[in-house]
Amino acid sequence: MPQTSTTSILFFFVFVSATLVITYWAAKRTKTTEHFYAAGRSITGFQNGLALAGDYMSAASFLGIAGLVALNGFDGLIYSTGWLVGWPIILFLIAEPLRNLGKYTFTDVVAYRLQQKPVRIAAAIGTMAVVLTYLIAQMVGSGTLIKLLFGIPYVWAEIIVGGVMIMYVLFGGMIATTWVQIIKACLLLGGAVAMALIVLSKFGFNPINLFAQAAKEGCDPAAAAGSQMFCYGGKVLEPGIKVVTGAWDAVSLGLALMFGTAGLPHILMRFYTVPNAKAARVSVMWATIWIGGFYLITFILGFGSMVLVGQKNILAAGGGGNMAAPLLANVIAGEVFFGFICAVAFATILAVVAGLTLAGAGALSHDLWVNVVRGGHAPQHEQMIAARAASLILGICAVLLGIVFQGQNVAYMVGLTFSIAASANFPALVLSVFWRKFTTWGAVCSILFGAIGTLVLIYCGPTIQFDLLGPKAAAAGSPKEVVDAANAAIAAYKADIMAKWWYFPLKNPCIYTMTGSFLIGIVISLLAPERAAQEGFNEVERRAVLGEPKGAAAE
Amino acid sequence: MHDHEQRLHAISAHRWRIAFVLSAIMLAAYYGFILLVAADVGVIQEMVRAGKAIPAAGLGGQITLGMRLSDGLSVGVLLGALVIVFAWVLTIIYTKWANGVYDREIEELSHLAR
Numbered sequence: 141m142p143q144t145s146t147t148s149i150l151f152f153f154v155f156v157s158a159t160l161v162i163t164y165w166a167a168k169r170t171k172t173t174e175h176f177y178a179a180g181r182s183i184t185g186f187q188n189g190l191a192l193a194g195d196y197m198s199a200a201s202f203l204g205i206a207g208l209v210a211l212n213g214f215d216g217l218i219y220s221t222g223w224l225v226g227w228p229i230i231l232f233l234i235a236e237p238l239r240n241l242g243k244y245t246f247t248d249v250v251a252y253r254l255q256q257k258p259v260r261i262a263a264a265i266g267t268m269a270v271v272l273t274y275l276i277a278q279m280v281g282s283g284t285l286i287k288l289l290f291g292i293p294y295v296w297a298e299i300i301v302g303g304v305m306i307m308y309v310l311f312g313g314m315i316a317t318t319w320v321q322i323i324k325a326c327l328l329l330g331g332a333v334a335m336a337l338i339v340l341s342k343f344g345f346n347p348i349n350l351f352a353q354a355a356k357e358g359c360d361p362a363a364a365a366g367s368q369m370f371c372y373g374g375k376v377l378e379p380g381i382k383v384v385t386g387a388w389d390a391v392s393l394g395l396a397l398m399f400g401t402a403g404l405p406h407i408l409m410r411f412y413t414v415p416n417a418k419a420a421r422v423s424v425m426w427a428t429i430w431i432g433g434f435y436l437i438t439f440i441l442g443f444g445s446m447v448l449v450g451q452k453n454i455l456a457a458g459g460g461g462n463m464a465a466p467l468l469a470n471v472i473a474g475e476v477f478f479g480f481i482c483a484v485a486f487a488t489i490l491a492v493v494a495g496l497t498l499a500g501a502g503a504l505s506h507d508l509w510v511n512v513v514r515g516g517h518a519p520q521h522e523q524m525i526a527a528r529a530a531s532l533i534l535g536i537c538a539v540l541l542g543i544v545f546q547g548q549n550v551a552y553m554v555g556l557t558f559s560i561a562a563s564a565n566f567p568a569l570v571l572s573v574f575w576r577k578f579t580t581w582g583a584v585c586s587i588l589f590g591a592i593g594t595l596v597l598i599y600c601g602p603t604i605q606f607d608l609l610g611p612k613a614a615a616a617g618s619p620k621e622v623v624d625a626a627n628a629a630i631a632a633y634k635a636d637i638m639a640k641w642w643y644f645p646l647k648n649p650c651i652y653t654m655t656g657s658f659l660i661g662i663v664i665s666l667l668a669p670e671r672a673a674q675e676g677f678n679e680v681e682r683r684a685v686l687g688e689p690k691g692a693a694a695e
Numbered sequence: 007m008h009d010h011e012q013r014l015h016a017i018s019a020h021r022w023r024i025a026f027v028l029s030a031i032m033l034a035a036y037y038g039f040i041l042l043v044a045a046d047v048g049v050i051q052e053m054v055r056a057g058k059a060i061p062a063a064g065l066g067g068q069i070t071l072g073m074r075l076s077d078g079l080s081v082g083v084l085l086g087a088l089v090i091v092f093a094w095v096l097t098i099i100y101t102k103w104a105n106g107v108y109d110r111e112i113e114e115l116s117h118l119a120r
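If you're matching them up, the sequences are chains A and B in order. Just so we're aligned, residue 141 is where the first sequence starts under our numbering, counting upward by one. Just so we're aligned, residue 7 is where the second sequence starts under our numbering, counting upward by one.
It cannot be assumed that every hint is accurate.
[Claimed, not checked] Label pairs and their calculated CB-CB ranges:
#: 1; chain 1: A; residue 1: I299; chain 2: B; residue 2: V49; range: 46 to 54 Å
#: 2; chain 1: B; residue 1: K58; chain 2: A; residue 2: P611; range: 37 to 45 Å
#: 3; chain 1: A; residue 1: P611; chain 2: B; residue 2: A63; range: 28 to 36 Å
#: 4; chain 1: A; residue 1: Q546; chain 2: B; residue 2: L33; range: 33 to 41 Å
No wet-lab data here; the hints were simulated from the structure. Fair warning: this is a prediction, and the values are worked out from it, not measured in the lab. Positions of the beta carbon are idealized from the N, C-alpha and C atoms, including for glycine.
Please build the complete structure, drawing on both the sequences and the hints.
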C-alpha cells in the first residue's frame with residue numbers, strides 16, 4: 141500500500157479551507173433558527189438533491205459497498221438496491237406531507253395534532269437512538285480509516301473530524317452543512333466516475349467484459365499484481381451466504397434498508413431547506429438519480445478492484461475490505477489519484493457527521509428544549525443559543541463516543557441504525573399522516589417499542605453474541621491443534637447460546653420490530669381513542685395538500 | 007366552501023391513489039428481487055448442510071439468479087441493476103406528473119378559495 145502522500149494531505153487541506161470559507165460566509169447569514177435548521181428555505185430542488193445524495197452517500201456506502209463487492213461479488217448488490225429503493229418510497233409517501241406539515245424536524249409532523257410533550261420526548265429518543273448509533277459507526281470508521289489513509293493516530297483523527305464538523309454546524313448551521321454536502325457529493329461522484337471510466341477503458345468500456353474477467357477460471361488468484369489480472373470463478377456473479385446468512389435474514393435486511401431510509405432524521409430534515417413541496421419532489425428525484433448512478437458505479441469499482449487489485453491485497457491492507465476503492469485508484473492512476481480518493485473519503489465522513497449532528501441538535505433543542513421544556517414559547521435568541529449549545533454538546537459527544545468505541549467492530553452499527561430508523565421513526569411518521577385514529581399514546585408506544593425492541597433483539601442476536609462476545613478464531617498461521625481447539629470452543633459456545641430461550645436467530649430484527657411497531661401503534665390507538673387527535677386530522681389532511689397558509693389572506 | 011372542500015378531497019385522494027400504486031410497484035419489484043435472493047440462499051444453505059461444496063464456478067443454472075446470459079452477466083446482476091433503473095423511472099414519472107398536472111389543479115383550487 142502506498143505511503144501517505146503529501147498530495148492527499150494537500151487535497152484535504154484545500155477541501156477543509158474551502159468549506160471553512162463557506163462556513164464563514166454562511167455564519168453571517170445564520171441569524172434565526174429558520175436559517176440554522178432550514179437554511180432559510182432558500183435551497184433549490186436540484187441543489188437539495190445533491191445535498192441529500194451527499195448526506196446519504198456515507199463512507200459505508202462508498203468504501204463499504206466497494207469493499208463488499210470486491211470481496212463477495214454479487215452480494216454487495218443487495219445493499220446497493222436496498223439503499224436506493226427507499227428513495228422512491230420517500231418521494232411517494234413522505235416528502236410532500238413532511239414538507240407541508242413540518243417546520244424543522246420530522247417530529248413536527250408526528251406531533252402536529254397529538255399532545256406535544258409525550259410525542260416529542262418519544263420522537264427525540266427515536267431520533268437520538270438513530271443519530272448516536274450512526275455517529276458511532278461513522279466516527280469509529282473515520283478514525284480507523286484516517287489512520288490507514290493518512291497515518292494520523294486514532295485519537296487525533298477523531299479530534300480533527302469532530303473539530304472541523306463542529307465548526308461547520310456551530311457557526312454555519314444548515315447553510316454551511318448544505319454546501320459542504322453539495323461540494324462533497326460533486327467530488328465523490330466526480331472521483332467515482334473518473335475511476336470507473338479508467339477501469340472500463342481496460343475492458344473496452346463494457347462492464348460485462350469486466351465481470352467476465354472476474355468470473356474466469358484457471359488463472360491463479362494468488363498471482364502477483366501487475367500485468368496479470370485476477371479471476372475467481374463464476375460464483376462471484378451469484379448470491380453467496382456470507383453477507384446474508386439465511387432466507388429470513390435477506391427479507392429482514394431488505395425491509396430495514398428500504399424503510400430505514402425513510403426514517404433517518406438527517407435525511408428527513410433536509411426537506412425543510414427547500415421553499416415548497418414542488419421543490420421537495422424535484423430534490424428526491426435528483427437524489428435518486430445521483431445515488432442510483434453512484435451505486436451502479438460502485439458495483440463497477442468493486443469488481444474493478446477485485447480484478448485489478450486482487451482480494452488478497454485488499455484484505456492485506458486491513459480495514460476489512462474498506463481499502464478496495466483507494467487501492468484501486470492507486471493501481472489504475474498512481475499516487476496522486478490515490479491521495480485524491482483518500483481526501484474524498486475523508487470529506488465524505490466529515491459531511492455525513494455534520495448532517496447527523498445537526499439533526500441531533502434539532503431533536504435536542506427544537507423538540508426537547510423549545511417545545512417540551514419551554515412549552516413552545518421561547519424567544520428567538522434563546523432558541524439560537526439552545527441550537528448552538530446542542531450542536532456543541534453533540535459534537536463533543538461524537539468525539540468521545542468515537543474514542544470510547546475505538547477498536548470495536550462497528551460494522552453492525554450501520555445495520556442497527558437502519559433497523560431503528562425503520563422500526564421507531566417510520567411507522568409513527570406514516571400513521572400520523574395517514575390514519576385519522578392515531579393517538580398520542582399509540583405514537584409514544586410505537587416509537588419506544590421500535591427503538592428498544594431493535595436494541596434488545598440485536599443484543600440477543602448472532603452479531604453481538606457470536607461476533608462480538610464469542611470466542612475468536614485462532615490467528616492465521618497458528619499450529620493445527622490451536623486452530624482445532626479454537627474452532628471447537630466456538631462451536632461449543634454457539635451451541636450453548638443457541639439453546640438459550642432468549643436467543644434471537646436473525647442478524648437483522650427489522651421484520652419483527654417494524655411490524656410490531658405498526659401493530660402496537662394501531663392496537664393502542666384503538667383501545668384508547670383520542671377525540672382531539674381525530675378532530676385535528678382534517679387540518680392535517682388539508683395542510684398536507686395545500687401547505688402552510690400564506691398569511692391571513694389565505695384563510 | 008363545501009364544494010371546495012370536496013374538490014380538495016377528490017384531488018388529494020387521486021394523488022394518494024397514484025402514490026400508493028407506485029409504492030406498491032416499487033415494493034413488488036424490489037421484493038421480487040429479494041425473494042429470489044432469499045430462495046437462492048435457501049438452496050445454497052441446504053447444500054452446505056448436506057456437506058456439498060459450492061464449486062468456484064458457481065451453481066449457474068441450479069439457482070435462479072445464477073443463470074448466465076453471457077460469460078460475464080448473470081440474471082442476478084442484471085436484475086439488481088434493473089431494480090435501480092426501475093426506481094429512476096418511477097421517480098421521474100411521478101415527479102413530472104405531480105409537478106405538472108397535480109400542482110396545476112391544486113393551484114386553481116387555492117385561487118378559488120381566496
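Cross-check of the supplied hints:
Remark: the range hint 46 to 54 Å for I299/A to V49/B is upheld by a beta-carbon distance near 50 Å. Taking the beta carbon of each, K58/B and P611/A are about 28 Å apart, not inside 37 to 45 Å as hinted. Checking the proposed 28 to 36 Å range against P611/A and A63/B shows it holds: the Cβ atoms sit about 34 Å from each other. With their beta carbons about 40 Å apart, Q546/A and L33/B fall inside the hinted range of 33 to 41 Å.
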